[in-house]
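**Q** Position one of the sequence shown corresponds to residue 1 (full-length UniProt numbering), numbered consecutively onward.
Just so you know, these hints were derived from the structure itself, not from any lab. Owing to the predicted nature of the structure, the values given are computational and were not obtained by experimental measurement. Mixed in with the good hints there might be a few duds.
With a straight-line Cα cutoff of 25 angstroms, these simulated SDA-like cross-link-like pairs (lysine to any residue) come out [what the hints assert, rightly or not]: (1) Lys-112 x Ser-129; (2) Lys-112 x Asp-160; (3) Lys-154 x Ser-173.
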Amino acid sequence: NGGEADSEALRTRLSRDPDYGFDSRGKGAAGLTMLHWIVFVSLLRGVTSLRLVSLEVPDNVARGQGTRLTCGYDLEGDTLYSIKWYRDDVEFFRYVPTDRPPGQFFPLQGIKVDLGRSANGSVYIRDISHLTTGIYKCEVSADAPSFQTVSAEKSMAVQDSTDHAQQEADRSSVNILLLTMLLILQWRYHL
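Hey, can you work out the whole structure from these sequences and the hints?
**A** What follows is the structure, given as structure tokens:
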């Protein structure tokens, strides 16, 4: 659409030269002041707005296992600058599509990132330990001209695999007990 292209061209030009189109009195082409233009361009920027669509972080994971954390986003016309992952506000993984390689891991105790399985909006953590427990945050940033940043966070706890196995065994025991009681009641009423 021509109007969107014109708006984009104006935003690009104004981001490079903020005084573009203004005379010595601060009046623009249509007699508007710099303040009017700033408001106008701000409104244009609001038309395309980076949004976080989803954050997939499991509530509980078993120790020794691996898990994928996924951050879904909609650039809405912007260009992706970076996606950063944090545990308890400490960055451990960054994805910048223009970097080579695009994925970068920052060592953090309890976090082992599988770089081969991590890209764009997802990061794969392997060999989970109790130290992996924490609040995980995904932060998505758009490139110029908007430079918008959005983020969301969610906590993840680590369970011993024996705890998980015990919960499954307890659940099975309850199911067997309920089934036995149901059979006894059915037998009793059919006598």
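**Q** Indicate, hint by hint, whether the structure satisfies it.
**A** So, going through the hints one by one against the coordinates:
1. Using a Cα cut-off of 25 angstroms, the hinted pair Lys-112 and Ser-129 holds, with the two alpha carbons roughly 10 angstroms apart.
2. Note on Lys-112 and Asp-160: the hinted pairing holds, with a Cα-Cα distance of about 18 angstroms set against a maximum of 25 angstroms.
3. A distance of roughly 32 angstroms separates the Cα atoms of Lys-154 and Ser-173; the hinted pair therefore is violated under the 25 angstroms criterion.
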